[in-house]
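There are 2 protein chains.
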Amino acid sequence: MTESDLLVVNLTPGRWGDPAQVVELPAAALEALKHLGVRRPRAKTAPKDEAGTSTEVTAALEKLLGTEHVKTDLDTRWAHTRGYSTPDLLRHRAGDTTDMPAAVVYPGSHDDVQALLTACSEQGVAVVPYAGGTSVVGGLAPQGTQFVAVDLQRLNRLREVDEVSRTATIEAGVRGTAAEALLAERGYTLGHFPQSYEGASIGGYAATRSSGQASAGYGRFDQMVVGLTLATPSGTIELGRAPMSAAGPDLRQLVLGSEGTLGIITSVVLRIRPRPTERSFEGWRFDSFDQGLAALRQLAQDGPLPTVLRLSDEAETAINLADPNVLAGGPGGALAIVGFEGPRTPVRRAEAAEVLTAAGGQSVGEGPGETWRQGRYRAPYLRDPLLDEGALVETLETAGFWSTLPALKAAVTDALVSSLSGQGTPPVVLCHISHVYETGASLYFTVLSAQTDDPVAQWRQAKAAASQAIAAAGGTITHHHAVGTDHRDAYVTEVGPLAIEALQAVKQVLDPNGILNPGILIPAR
Amino acid sequence: MTESDLLVVNLTPGRWGDPAQVVELPAAALEALKHLGVRRPRAKTAPKDEAGTSTEVTAALEKLLGTEHVKTDLDTRWAHTRGYSTPDLLRHRAGDTTDMPAAVVYPGSHDDVQALLTACSEQGVAVVPYAGGTSVVGGLAPQGTQFVAVDLQRLNRLREVDEVSRTATIEAGVRGTAAEALLAERGYTLGHFPQSYEGASIGGYAATRSSGQASAGYGRFDQMVVGLTLATPSGTIELGRAPMSAAGPDLRQLVLGSEGTLGIITSVVLRIRPRPTERSFEGWRFDSFDQGLAALRQLAQDGPLPTVLRLSDEAETAINLADPNVLAGGPGGALAIVGFEGPRTPVRRAEAAEVLTAAGGQSVGEGPGETWRQGRYRAPYLRDPLLDEGALVETLETAGFWSTLPALKAAVTDALVSSLSGQGTPPVVLCHISHVYETGASLYFTVLSAQTDDPVAQWRQAKAAASQAIAAAGGTITHHHAVGTDHRDAYVTEVGPLAIEALQAVKQVLDPNGILNPGILIPAR
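Protein chains in written order, with the numbering used here: chain A, 1 to 525; chain B, 1 to 525.
Keep in mind that the hints were calculated from the coordinates and are not lab data.
Small disclaimer: the values here were computed from a predicted structure and weren't measured.
C-beta: ideal position from N, C-alpha, C; glycine also.
Don't take every hint at face value.
Covered stretches of chain B, as calculated for chain A (at least 3 residues, CB under 8 Å) [to be verified]:
#1 73-80
#2 177-186
#3 226-234
#4 305-313
#5 506-519
Make a model of the complete structure from these sequences and hints.
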């Protein structure tokens, strides 16, 4: 049992990441923004305090958790307001307090969470679980209701490591960074490194089906979970007596991705692996994205499967790479990052090199690979100074089967270009593949344009166009960002009203008074 | 689109498998049975006809499907009565018609199934989906209700192969053997080879979370399903727009394992792989089961992972092996089968050999490996002649995490020995591991004893003792046989009443009149 608080990065509300690592835009970037018509927006506005929760509710919560674990001051509540999508950041800058919790509570155990949910359900008080706070899909902003944010940071223990079964029982409030540090002391790793790694937590990973940059080698987070404990207003559910079972539906997979609407995951049992001692990250150049895609598909289907496998399209390759040598093979190239970790790294790397070469790839060495690896959590830091300058910058993602990917990529790109150009702000759209499977892969888009006078509405329109394009091209509305409120309508369309009704029925059993994340993931019944 | 009827093995009701492959017990086995006190049971009884379904219901079904696709004759109904558990076979021999369907219908398409369910729901007629009919857990015997069996054999098409994404869309009624033959024409395989392979179908695999003998290499069936179509009395649900998604809970995993209680799966989209051109199956001897278990764990956790990986305990090794050379290393040994298929077979085999040797294993060559491979569907054929002689023979299985397996194995063995010895019929109990994961494995038990005068009650008592032992030792009640009616109470205990209530709520939405497999998997609400 180790306290992990010391290992936590303190996120600044409204700006991404560790304040010690703030990024300034290079002069060339500032110059480029001018060509997009970017202009400095109006100054920021401080939030005004709004009514907190009733003293009656506060008193009940204080009685349950202790006075020091219930906070209603403006700073704490503002720091728990929304997540890190661009609309979230823009609303933060505008001092918009509409989604601010009425109180923030800090339960210290599963029993605390269970008691809290029972009490809030009895009193009809809405509850939003808050772990890392890194949602980019409106997962922390229930609509049209006052609510209490349940900050899980005190559920911060690595409870057990079973070295024979290679599993670890970890509480929901443990940050990804802290989990890795705690496991490293024992020689293990989860291998889960999403872009939100510095801020996100184990409970959030589970509730949102997170997928890390090393998903090819270590799997998605939902593939790491072999057991979980869920607190609900109706009681506790514990699942996972074996890695796999034929005892009915896999109910773990019903809880994973439920985004706090069915209960609060208080701990998970995770598959762990020995920390790798070998590593190799290499850049590979392809003449085109399509050529690179075929090469990635071959590795995903016939192996050897790298630990990290990514491919930037021509536009992203051109923008991201300062090193012109990467494009020495000619203009219009697409850069892949092929990373191996763990046993037999040199052998697997050599085998992959054969496949990639035969597929038309050209090694550009470990330089670009290491550059990517070392800078892999830096991208989100760029967004804040870009917003400062008046740029609109946001990402969105999808996934599909291999045969659908080229059309899916074209459709989403066209929708974004068309919508933003139609609003007078022609964008740059970049795309990469960052998660591969035997049958398909993810597509991740980055969009950059000038802001209009109402950038939140501007993005809403572009995002709606992209979401429609995804649906029409047969992709899923999200591969790893989750649903939240932003994707809710698209999610309903994707799985259909009957499946949604089934989920609502589950919610009715576990959360009969509808206090858990109302309006997130699924519409109220 | 290819008809696959020709490839289907015609199962004999009440006896396992292809009648052309009937097995006779060797003289030594007959001698051994005497030591267990086995005596010939009473003669079989033919079934007597009971009332079929009402002419009103029959007329409605005939109107929907055509007269030729609705059958009420005794032979057809008797052939659709129960599955292949030992109690099922014993009841069959006794001519017990209590679980016989009132009619058997043969829909020809998803739309037929959808219309049928709508009609039966309106009329309150219970419906049992019947695909391969190979349940060994009472999955075809809803309790206390008249019902119509829905035989899916006309849903027999391989609808689409996407060679880029490596997926195949296959209808639910296609037998495993037929699916493999159809895919082989295109150069592909599912790699799903359960013990029930000769009889079971794609829809049954999906509804019960089947796991095949090559699960280490090809995965479980639930890991092969990337999409599915479900007909329910409330309408159709289609799932699976990408290999993986963060759009809410993975609802595919809610349908898989639902055992016909939430709807009828009419087709699935499955991950396929190229047919392997290389193969090597090798036997390995370990001094003890525990030593072999440690070796299997090492391959499962650190690789190279074989395609097939099995380990018989000392008792099973001694009984199954005619070849005394296998035990040349000394008495009390445990035999493992280590099979590789596909690319790099010789290299992977050599790497595995290093691991196995270091773990104390001794290669006994390809002889035992090939013997196992060629005889791998033969074991169930032995049961019928054993029952003929008056032996009680049955299997049961569980799974757990690696650290729990030794105690789990001991607890189940003790429970079976204690229960059957207490009934005056001391058993032989054999065990093997046949499915491995990074964090755990399955345990499969075979039990052999003399029958008492009431062998169904005799087994019920032994099974209850084993089930309690599994629960107490933390295992799951079934790794790949599914729940049916036999495991229902244990399943409720395993996931808890709140999870069951959530499933019942889903069922209420999809099957509001409770016509689908009533009493199977979950108790009526």
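Each hint tested on the structure:
1. Using a Cβ-Cβ cut-off of 8 Å, 0 residues of the stretch 73-80 of chain B lie near chain A, which falls short of the minimum of three, so the contact claim is violated.
2. Coverage of the stretch 177-186 of chain B by chain A is violated in this model, with 0 residues showing a Cβ closer than 8 Å to a Cβ of that chain against a need of three.
3. For the stretch 226-234 of chain B, the proposed coverage by chain A is satisfied: 3 residues have a C-beta within less than 8 Å of a C-beta in that chain, meeting the threshold of three.
4. Check result for the stretch 305-313 of chain B against chain A: violated, 0 residues qualifying (beta carbon to beta carbon below 8 Å, three or more required).
5. Interface restraint, the stretch 506-519 of chain B with chain A: holds (4 residues with C-beta to C-beta distance below 8 Å; minimum three).
Violated hints for the displayed structure, listed by number in ascending order: 1, 2 and 4.
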